[in-house]
Each structure stands twice: as structure tokens, then as C-alpha cells.
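Enquirer: Model the full structure from these sequences, guided by the hints.
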Amino acid sequence: MANRRVLVKRRRATQNIRKITRTMQLIATARFQAAFKRAVAGRPYTEKLTELTDRLASATTDVAHPLMRSPEATAPPLLVVLTSNRGLCGGYNANVLRSAGEYLRGLESEGLENRLIVVGKKGNAYLQFHGYEVGEAITDISDLPRYDEVEPLASRLMDDFVHGEIGSVHVAYMKFISAGRQRPVIEQVLPLKREFEEGEVPESSSEVEYEYSPEPRELLAELLPATVKIHFFQCFSDASVSEQVARMVAMKAATDAAEDMIKRLTQQYNRARQTAITMELLDIVGGAAALE
Amino acid sequence: MAKTDTFACSVVTPEGVAAETEARFVVLPAHDGEIGLLHDRAPLFCKLDVGRLRIETPDENLILYIDGGFAEMVNNQLTVLTEDARRPDELDREAAEKSLSEAKSMSVTDESSFLARQRALKRARVQLRLLQ
Chain A
1 MANRRVLVKR
11 RRATQNIRKI
21 TRTMQLIATA
31 RFQAAFKRAV
41 AGRPYTEKLT
51 ELTDRLASAT
61 TDVAHPLMRS
71 PEATAPPLLV
81 VLTSNRGLCG
91 GYNANVLRSA
101 GEYLRGLESE
111 GLENRLIVVG
121 KKGNAYLQFH
131 GYEVGEAITD
141 ISDLPRYDEV
151 EPLASRLMDD
161 FVHGEIGSVH
171 VAYMKFISAG
181 RQRPVIEQVL
191 PLKREFEEGE
201 VPESSSEVEY
211 EYSPEPRELL
221 AELLPATVKI
231 HFFQCFSDAS
241 VSEQVARMVA
251 MKAATDAAED
261 MIKRLTQQYN
271 RARQTAITME
281 LLDIVGGAAA
291 LE
Chain B
293 MAKTDTFACS
303 VVTPEGVAAE
313 TEARFVVLPA
323 HDGEIGLLHD
333 RAPLFCKLDV
343 GRLRIETPDE
353 NLILYIDGGF
363 AEMVNNQLTV
373 LTEDARRPDE
383 LDREAAEKSL
393 SEAKSMSVTD
403 ESSFLARQRA
413 LKRARVQLRL
423 LQ
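Here the protein sequences line up with chains A and B, keeping their order. Per the working numbering, the very first residue in the first sequence carries number 1; after that it's consecutive. Per the working numbering, the very first residue in the second sequence carries number 293; after that it's consecutive.
These are computed hints drawn from the structure, not numbers from a lab. Careful, some of the hints might be misleading.
As the list claims (entries may be wrong) - Pairs of lysine-lysine, DSS-like flavour, derived with a Cα cap of 27 Å: (1) 37(A) to 175(A); (2) 9(A) to 263(A); (3) 121(A) to 175(A); (4) 48(A) to 339(B); (5) 193(A) to 339(B); (6) 37(A) to 121(A).
Expert: Shown next as C-alpha cells:
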């Protein structure tokens, strides 16, 4: 009968696991909603900023800004990798790290020196284990990154870039496309790409004569750092939304798997129990037959 | 002819919309001094300084601390873009005092560190003034 006891024990353990993973799934769902709400709340700012930048860029001719100049060959490119502090989120970290690793190997094969800033404990553990030189490890950014946590880093990177200490800044993170789709991407943050097409400016705004204060050129010089910062912040907030989605999905799968297992174990247990009863009956019947 | 004398006003930060209201009169802390806005103002686009944003709505006076940014006024729609916007009761006196003393002890070696110190000083001072 040892077999039956083992089955009961295993079933109980699996039930406990299901309880835990279900709780984690619910927590991840709540956090995802919070993170998603933040990401959506930040959208008006980004949209307005882009709109203003586009309009200004079309109003000024000959835009040359230190943040836009092409990278100097001598300065090393910098990669910022965004991973999570905690695990149990499926392939989230692995996917980001794989694409970051490919990118780094690409740089290495070109013989380029590169610098790394890694956010999140998981990424740090992985990259250090694989022998990458992590220039800076950041693990104190919260699950729902606030703007004032990200802003100092963005400002510092911009300073380094303007002073020519780094040639470019790329961010490797999990881009949130929809609740069902996230993709690991490597995005260029610096130098700023010039995306404003003159024809794309909305007609209504180009008709309006604005009163600029200070001059458009100066305004643009102030706006560009703000767009870089917001882009950087968006990477962080996208990464946190993706992380929560990944955790939600992973924990849902774990709960489902636990449920299947409980079903199987219950079946096995019942069968074992029935067998035991049958054996006992056979014993009794056999015993009674022997007495006759 | 009845004419409305209000205009739409929204204050937007990277973390969300800090305020969205009808305004009768708004005072912006522009980079070169305060600018007052009434409805039907000519289109304006200006840079803001750290300072106090005052919005007079039909019912009340709204005061916000804002940390630089930009303002755009067009078609009776004012949009203020700023990195940080807080009501005076959301400000933290202790934190502001601490950052003021920190700013005072910042070392100045070149122009950028001088500007950083000036900015930090201004931020802390504006916050403290709003708390009074």
C-alpha cells in the first residue's frame, strides 16, 4: 500500500504548487494592468512631443544637433540590456538575452569594442556568467519604473554621447506589441535618427503662424533631449509591461499543467485503490473457498 | 452674442495627464518670465522654466509645481508638457530642504556643473516657496 500513500502525497504537493502558481498568475495580472495603464498614460506626452518636434523641425532649416551627429568610429557603442529582477516569467529574459548576445557577437566579429549596461538581476547573472564585461549593473529600478528613476541614466548617457565617450546607444528589450505578442528588439536611441519627413507634417498645423519663444532652433535643441529621454523611458515601461505579460502566461501554463497532473494522479490513485480492494476481496473469497 | 471666455488646458507628463480642465486664465512660468494666457490667444509655443503654473478655472484656482518643459497654445487648446507636475500638497518639504542643502554643496568645476547646480537650487527653492 506504499504506492497509494506516495500518490496521495504527490497529489497534495501538486495541489500546493497549483495554489502558488495561480496566486502568482493573479498578481502578475494585476501588475500587468497597472503597468499597461502607465504605458498608456504616458502616450499623450510622447505623441505631443513628437508632434511638436516634427513641426519645429519643418520650421527650421538645417537642423544640426550634437545628439544627431553620426557616431565617431573611435568611440565604443553602448548597449543597454533590460531584463527583470525576478524569474518565473517564461522565456522573457532568455529571449532578450539571446538577441542581445547575437548583437554583441556581431559587434565582436567586426572587431568593435563595446560597452554594456545591464538592468535587472537576471541579465547580470547571465551575462557575467558568459564572460561579458558588464560596465554597469543596475538592479534597483522598480517593477513599475518611474520617470525620475530612468531620467538620470538617460541624461548621463546623453552627456557621455555628446562628449564623445560613447559612439551610440542601443537598448535591447522586449517590445510590447499586444497582450499576445512581444518581441525582443534592439533599438537605437542615440544618435537620434532623423525621421521627420517634411511632407508628413499635418496641414492644419503648418498653416498656423506660431509665436515662438525662444527661437525655433533653440526650442528644437531643448526638445530633442526630451524626446531621447522619453524614448528611453518608453523602452523601460514597455519592458515592464512585457515582463508582467510573460509572467502571467508562464504562470497560467504552470497552473494548467498542475491541474492536468492532479487529474492524472487522482486517476492513478483511484485505480490503485480499486486494485487493492479487489485483491482484498479475492483474498477473502479465496479464504472462504478454502474453508469449504 | 454670448461668447465663452474659457479654453481647454491640459498638463501632460510622461507618467500621465496631471490636469485637464477648462481655464479662464493661465500663468505660465516661461523661460524668460511669466506669461499670462487668456482665451483666443494667438498660437504660441514656448519653453518653460521650473516654476509655478497657475490655472484659474471658472470655479477654483489650481496651482501646480512644474519642472520645465514646453507649452503650446493653439485654437484655444493649451498643452503643457513637463517632466514633473505636482500640486503643492504633493510636495515634500523635507525632501525639498534636503535637495536644497545638497544643491548648495554641489561642486562647480565647469559650465555644465554650474548649470546643474543652478537648476537644482532653483528646483528646491521653487518647491519650498510653494510649500509656504
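Enquirer: For every hint, state whether the structure bears it out.
Expert: Results for each hint:
| no. | hint | in the structure |
| --- | --- | --- |
| 1 | 37(A) to 175(A) | holds (16 Å) |
| 2 | 9(A) to 263(A) | holds (14 Å) |
| 3 | 121(A) to 175(A) | holds (19 Å) |
| 4 | 48(A) to 339(B) | holds (14 Å) |
| 5 | 193(A) to 339(B) | holds (23 Å) |
| 6 | 37(A) to 121(A) | holds (25 Å) |
Of the numbered hints listed earlier, not one is contradicted by the structure.
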